[in-house]
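Novice: Residues per chain are reported as follows:
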Amino acid sequence: GQQLNQSPQSMFIQEGEDVSMNCTSSSIFNTWLWYKQDPGEGPVLLIALYKAGELTSNGRLTAQFGITRKDSFLNISASIPSDVGIYFCAGQTSGTYKYIFGTGTRLKVLA
Amino acid sequence: SQTIHQWPATLVQPVGSPLSLECTVEGTSNPNLYWYRQAAGRGLQLLFYSVGIGQISSEVPQNLSASRPQDRQFILSSKKLLLSDSGFYLCAWSGSDLTYEQYFGPGTRLTVT
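So the sequences go chain by chain: U and X. Per the working numbering, the first sequence runs over residues 383 to 493. Per the working numbering, the second sequence runs over residues 13 to 125.
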């Protein structure tokens with residue numbers, strides 16, 4: 383099925399560093415969602431974005447809805463060991479019920 | 013607040029046996045419901061979604077089927093499991109109004125032997 387291009391695929395960072403990841407699509411989306419998944423668990427919704435250019439924060443996490451509506455970005459500031467996991471983006475087009483998911487960014491934090 | 017439940021949490025089944033996974037949502041009415049499968053270390057593959065009782069849309073033709081017998085109940089079934097059906101099955105819901113957030117259940121780990 384259709385998937386979003388998410389990069390990077392994986393990241394190894396030192397504790398305290400900032401992290402950036404992004405998703406790009408060939409389609410325009412009206413909604414962008416960002417999730418974190420821990421091993422063996424369901425994805426947990428981190429941030430939802432609804433307007434082009436929107437910048438939304440959730441604690442140390444900040445996400446942006448790209449101006450072109452074809453991309454989105456997630457930043458994590460001052461990473462900590464519990465940030466380890468897989469981060470997924472998801473986009474939805476207005477008038478559809480389906481969400482298109484990115485391929486995931488696997489984050490590992492070295493203490 | 014809304015909660016989503018899935019059971020069982022883990023399941024080991026032999027090839028050729030039937031399957032029934034259940035998902036229920038509490039605290040909301042007329043949700044949109046979804047079944048995804050996730051292979052080890054991979055992304056999420058949408059299998060089925062439903063916007064109302066008895067309404068099922070299939071995304072990937074395969075050995076599985078879905079049913080929605082009640083408003084907040086979504087069931088994933090198979091008559092005869094294949095080895096390739098192994099994976100992590102996730103149920104999710106979203107609101108039927110203008111909210112676009114989607115929330116996932118805890119998942120079911122299925123191993124077909």
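These are calculated hints, taken from the structure and not from any lab test. There could be a bad hint or two in this list.
[Unchecked claim] In silico negatives: residues of chain X with every beta carbon more than 12 Å from chain U: (1) I16; (2) Q18; (3) P26; (4) L45; (5) R54; (6) G55; (7) L56; (8) S77; (9) I87; (10) L102; (11) E113; (12) G117; (13) T125.
[Said to hold, decoys possible] No farther apart than 35 Å at their CA atoms in a straight line, the calculated lysine-lysine pairs in the DSBU-like style are these: (14) U:K452 with U:K490; (15) U:K433 with U:K452; (16) U:K452 with U:K480; (17) U:K433 with X:K92; (18) U:K480 with X:K92; (19) U:K490 with U:K480.
Beta carbons are placed, not taken as given, at the ideal position from N, Cα and C, and that holds for glycine.
Novice: Does each hint hold? Answer for all of them.
Specialist: Going through the hints against the structure:
{"no.": "1", "hint": "I16", "verdict": "violated (8 Å)"}
{"no.": "2", "hint": "Q18", "verdict": "violated (8 Å)"}
{"no.": "3", "hint": "P26", "verdict": "holds (23 Å)"}
{"no.": "4", "hint": "L45", "verdict": "violated (10 Å)"}
{"no.": "5", "hint": "R54", "verdict": "violated (8 Å)"}
{"no.": "6", "hint": "G55", "verdict": "violated (5 Å)"}
{"no.": "7", "hint": "L56", "verdict": "violated (5 Å)"}
{"no.": "8", "hint": "S77", "verdict": "holds (18 Å)"}
{"no.": "9", "hint": "I87", "verdict": "holds (18 Å)"}
{"no.": "10", "hint": "L102", "verdict": "violated (5 Å)"}
{"no.": "11", "hint": "E113", "verdict": "violated (5 Å)"}
{"no.": "12", "hint": "G117", "verdict": "violated (5 Å)"}
{"no.": "13", "hint": "T125", "verdict": "holds (19 Å)"}
{"no.": "14", "hint": "U:K452 with U:K490", "verdict": "holds (27 Å)"}
{"no.": "15", "hint": "U:K433 with U:K452", "verdict": "holds (12 Å)"}
{"no.": "16", "hint": "U:K452 with U:K480", "verdict": "holds (16 Å)"}
{"no.": "17", "hint": "U:K433 with X:K92", "verdict": "violated (45 Å)"}
{"no.": "18", "hint": "U:K480 with X:K92", "verdict": "holds (27 Å)"}
{"no.": "19", "hint": "U:K490 with U:K480", "verdict": "holds (30 Å)"}
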